[in-house]
Amino acid sequence: MTETAKRAARRRQGKLPGRQDWSTWPHYQAAAAGFRGYWYPVCFSDQVGEKPRKVRLLGEDLFVIRDDDGIFGMKDRCPHRGVPLSYGSKQFPGTVSCVYHGWTFQLQSGDLVAAITDGPQSPICRKVTQPTYDVEERLGMVWVYVGDGERPHPIDEQLPEELVGNSAVLGQRIQQRKGNWRFACENGYDEGHAKYLHRAALWRLFKPMPVWNTTKIVERGRWIYRVQEKQYWAAEFPGLGRWTGLAWYKAKPPKETGNIGNTSSHREVNPVIAAQEFPGFASVSMPGVLRIAYPTFIHYEFYVPVDADDHLYVGVMADFQKGLRTLPFYAKYLGAVRWLFHGQFSGQDKWMVEVTDAPPERLYRPDESLLRWRKLAEDTTEDRLDRLRTQGIAPAAPADPTA
Amino acid sequence: MTETAKRAARRRQGKLPGRQDWSTWPHYQAAAAGFRGYWYPVCFSDQVGEKPRKVRLLGEDLFVIRDDDGIFGMKDRCPHRGVPLSYGSKQFPGTVSCVYHGWTFQLQSGDLVAAITDGPQSPICRKVTQPTYDVEERLGMVWVYVGDGERPHPIDEQLPEELVGNSAVLGQRIQQRKGNWRFACENGYDEGHAKYLHRAALWRLFKPMPVWNTTKIVERGRWIYRVQEKQYWAAEFPGLGRWTGLAWYKAKPPKETGNIGNTSSHREVNPVIAAQEFPGFASVSMPGVLRIAYPTFIHYEFYVPVDADDHLYVGVMADFQKGLRTLPFYAKYLGAVRWLFHGQFSGQDKWMVEVTDAPPERLYRPDESLLRWRKLAEDTTEDRLDRLRTQGIAPAAPADPTA
Amino acid sequence: MTETAKRAARRRQGKLPGRQDWSTWPHYQAAAAGFRGYWYPVCFSDQVGEKPRKVRLLGEDLFVIRDDDGIFGMKDRCPHRGVPLSYGSKQFPGTVSCVYHGWTFQLQSGDLVAAITDGPQSPICRKVTQPTYDVEERLGMVWVYVGDGERPHPIDEQLPEELVGNSAVLGQRIQQRKGNWRFACENGYDEGHAKYLHRAALWRLFKPMPVWNTTKIVERGRWIYRVQEKQYWAAEFPGLGRWTGLAWYKAKPPKETGNIGNTSSHREVNPVIAAQEFPGFASVSMPGVLRIAYPTFIHYEFYVPVDADDHLYVGVMADFQKGLRTLPFYAKYLGAVRWLFHGQFSGQDKWMVEVTDAPPERLYRPDESLLRWRKLAEDTTEDRLDRLRTQGIAPAAPADPTA
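Residue numbers (our numbering), protein chains in the order written: chain A, 347 to 749; chain B, 347 to 749; chain C, 347 to 749.
It is worth saying that the hints were derived from the structure and are not from the lab. Remember, it's a predicted structure, so these values are computed and weren't measured experimentally. Mixed in with the good hints, there may be bad ones.
Remember, identical chains collapse to one label, so a pair may be satisfied in a single copy or spanning two.
[To be verified] Calculated lysine to any residue pairs in the SDA-like style (CA-CA distance at most 20 Å, straight line):
#1 Lys397 <-> Gly669
#2 Lys397 <-> Leu673
#3 Lys721 <-> Ala740
#4 Lys421 <-> Arg365
#5 Lys524 <-> Gly405
#6 Lys421 <-> Gly465
#7 Lys562 <-> Ile501
#8 Lys598 <-> Glu396
#9 Lys562 <-> Pro741
#10 Lys721 <-> Val573
#11 Lys696 <-> Gly567
#12 Lys473 <-> Pro363
#13 Lys553 <-> Ala514
#14 Lys524 <-> Asp480
Please construct the entire structure, taking both the sequences and the accompanying hints into account.
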């Protein structure tokens, strides 16, 4: 091979370096539109009333509606002529009627109980059943279960443990964002980007971050934790120069530079958070939930697949206080966290999630956290499919197998 | 099969109920972009002058243009380099010249009679013929025939009979709308939706409708009529409650509740309409024409396929009066019909046509009218294809065979 | 076959007349996104600074950036997670760092020299090389070479000869336009359209054009010239009428009507242009460069493929003057040429390039110029591929083989 040909081979744009697909994790690869068999938050509770509210979740179109007996979910497509039922309205208690011909479905069962324009003896009554969804309310939000017809697990078994049975004050943001939910989740749990991408975010005035650190991933129950072992606050890159995220106008890093989990010595720590005995800073669980334990509050992000192209960002800040002790939280949330963290800081993540384009991808050492998250998703899904098989249930094909 | 598996099967979203496709009516299924072999209204007569006017019809791009000898239609794509001829202009009488290189086509024959930029002896002259369209003017509108090269039937054989040879005053609206023309036509002839979808339309203040009724479909000549047999003005739905479209502020229903065709006893009826001896209220004919005979006027809707995605709504209100007796018509049309009927009422139909998504579809008893319309379209098309075959003509493939 | 069937065959819209594809020129047909192995102008020199500037060229995404050592080009996609490197910034001299995780690439070599968030000893350093592009500056513009890894030829061998080593004053416009670059180039070199399409352009007040003329194509070096032999300033089209592009308010045509190349007798001719001894008016060379030699200046158009759908129009007016003699040029360019020629006149071409839709196409006599241009492109490309093969280089597949 001539020098020119070698040069050609080196500079050719064809084959991209690194991993060409995600076939190492086939379930994860197939889950472009999300993992089935979970509860997902879709909106705030006070956004659902007696009029149907359209929801798109895991590529499925449904609506939620409130009735005297609670909140119900139903597939949005009227089987008669395909018109969205969410354009309809409630003509009789406990039902919804399609706007076009008045086909009337029972919210509880999905049964067609009347076709108004064909009279009370319409032969089609009770011959059609519209698919329904299980719906719950938690944390001031409406949660919908998307499965394959199996009986849903209790939602409290899926929520972060400390949010069940403890009283907490919450600051929340729900925002639809472009980009696949997996990029959002990988971005959230990603070890590396926060130190560089967010270096100029205002939130970083209060939250110093090292240039780099060593990490280990620890599994505990449904969660995998990312534990920083040794942190380096400045670094000299040979032949290039020195780099640091610190500045005289920013908060100083903690004295000890070991396990940042040991931050309990700094200030008064909320007992619920302390009771967690968290071994690390950030943790993630299925079906795409990030938990970041700060000394005095916990921040959560739920990445909810709308479909393969869009996701809901649901950010929750929880402080486990009661009564008068909740007042400083509201001041802190409304005065700073909402704008600096759920706003500008998270807006930089939003930007990256929109433009990430992988695979192909060439991972590096800090991406160990991504690999472990993908393995968690893969193993958990394999277990679920085993359970379905023993119940004789064939799971639905993924909504978008190409992505 | 376990209970859970049964639940899974019942709630699974996979297979939709009812009819999965329209293969029962293969010609109808293939006619997403319309039926060939008919005259279609495309615009008002006064919209066509000496400049070419672009028209899209049955997925074909053409233009119409007026000359001393009448109106002509021609395929819009210049064969030289594919530039639209409708960007061109008239340089010599009876011709149109392409804007790009001055290729000049005779309107009557489609023959290339000059290529200006290659001089009078250009060897390409008379070597190229551009496809032309037959064009007629009726009812103040321009009509174009789309066929397969056969000699068109006279347009008067296709127009509603009473519109040929009778003097009538007309109120008209032409509007391009989203959605397939078949949904528009099925919506127009549909027995069921008017009673429910339009229940709050202002037009319904003057036009009472029953909750439901029994119907029979009667064929007469080119038309099939929908005859209401027994009407029910209120109904009690077991376990749900009572429902009625009546209200104290709305017009009352007629005394007799039998064949609504017998409305001639109510008021003075226009003799042309009476001469129709219509056995029912609404009728439909190919290639998608709806006729609704009111006691004192007739309303028509022509559903004109632009392509598989869009259609023209052409609404015509005709009153068979002359001279001074036309004045009340104009008052009625401009004061009420145009806004309430061609406007708000028809706007609700427009909305449904946009969002209808069938097949799959699960039809119910009142959809007998749809089934009969589809059968009419199927049989009529079969007859036409037989005629073409005897003339040695192979019809064009449908413009969009997928829809 | 009956008369009706013949009529059907004649009027059928199915098969279009003329050439159905460009398979006569397979390389040209495959070059929807441009020909590889050439330098292309992408922006003005003063548009490139220390921030990366995104460029799309031949369907490839890259960026250009200025450093102390010159201008560099690099593929825009970070191999880590696919984020555009053009969102990044310069953290160390001679490098660019990805905005997401701080992956840092050397501009000169493309080598990954640091991954900031993984520390100075990151094992991935020097394991990844980002493809780079050769970049040069000429005529106040930045030029990028797109090849297959071979050593680029010197840019001066590709520029129009008279622009190398001669001092000239330039008036320039760079504009991104819709439409394939081949339609732009064919439009530029096309003999026929100028006389008709531009008949009402203000530029034509000063530039008379015949109705038609005879032409011969002359090859000289890298260029093929279009030589007008006999010009006809008016013509009588039999059965239609007389047509001319002249008018009392327009400039008169030259006295002699032979070879328009002999315009040197009219006025003082710039010696550089005269030295060209151009045998004709318009010439074209690879990879899509038009040169129109006016008596006192030369106009160039570079048609730069952005991808198969868009191209850059780069218009350059050059006058080979120095010192005070440049002043009239600026007055002429800013006062007239920029608005009338690079503006309105060229805007008519822009419109046609957008709507041209070929093949299919039915060419006519003046299209001899197009055929010769396509043959030039075909032969030149065949020669280049031969050279690559002897170097052991396999060229990349075209970016968009369908168009």
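Outcome of the hint check:
1. In this assembly of identical chains, lysine 397 and glycine 669 lie within 20 Å of each other by CA distance neither inside one copy nor across copies; the values are 34 Å within and 52 Å between.
2. For the identical chains of this complex, lysine 397 and leucine 673 are neighbours neither inside a copy (34 Å) nor across copies (46 Å), given an alpha-carbon limit of 20 Å.
3. For a Cα distance limit of 20 Å, the shortest separation of lysine 721 from alanine 740 qualifies neither inside one copy, at 23 Å, nor across copies, at 39 Å.
4. With identical chains, the CA atoms of lysine 421 and arginine 365 are at most 20 Å apart between copies only, with a shortest distance of 18 Å across copies and 38 Å within one.
5. Taking CA atoms no more than 20 Å apart as the test, lysine 524 paired with glycine 405 passes inside one copy only; the shortest distance there is 14 Å, against 24 Å between copies.
6. In this assembly of identical chains, the alpha carbons of lysine 421 and glycine 465 never lie at most 20 Å apart, being 24 Å within a copy and 51 Å across copies at closest.
7. In the homo-oligomer, the alpha carbons of lysine 562 and isoleucine 501 never lie at most 20 Å apart, since the shortest distance is 30 Å inside one protomer and 53 Å across protomers.
8. Within a single copy, lysine 598 and glutamate 396 get their C-alpha atoms no closer than 52 Å, and across copies no closer than 31 Å, so neither meets the 20 Å cut-off.
9. In this assembly of identical chains, lysine 562 and proline 741 lie within 20 Å of each other by CA distance neither inside one copy nor across copies; the values are 35 Å within and 45 Å between.
10. Taking the shortest Cα distances, lysine 721 and valine 573 sit within 20 Å of each other inside one copy (18 Å), while across copies they are farther apart (66 Å).
11. Taking the shortest Cα distances, lysine 696 and glycine 567 never come within 20 Å of each other, neither inside one copy (29 Å) nor across copies (55 Å).
12. In this assembly of identical chains, the alpha carbons of lysine 473 and proline 363 lie at most 20 Å apart only when taken from different copies (10 Å versus 56 Å within one copy).
13. In the homo-oligomer, the alpha carbons of lysine 553 and alanine 514 never lie at most 20 Å apart, since the shortest distance is 23 Å inside one protomer and 58 Å across protomers.
14. Taking the shortest alpha-carbon separations for lysine 524 and aspartate 480, neither the intra-copy value of 26 Å nor the inter-copy value of 35 Å comes in at or below 20 Å.
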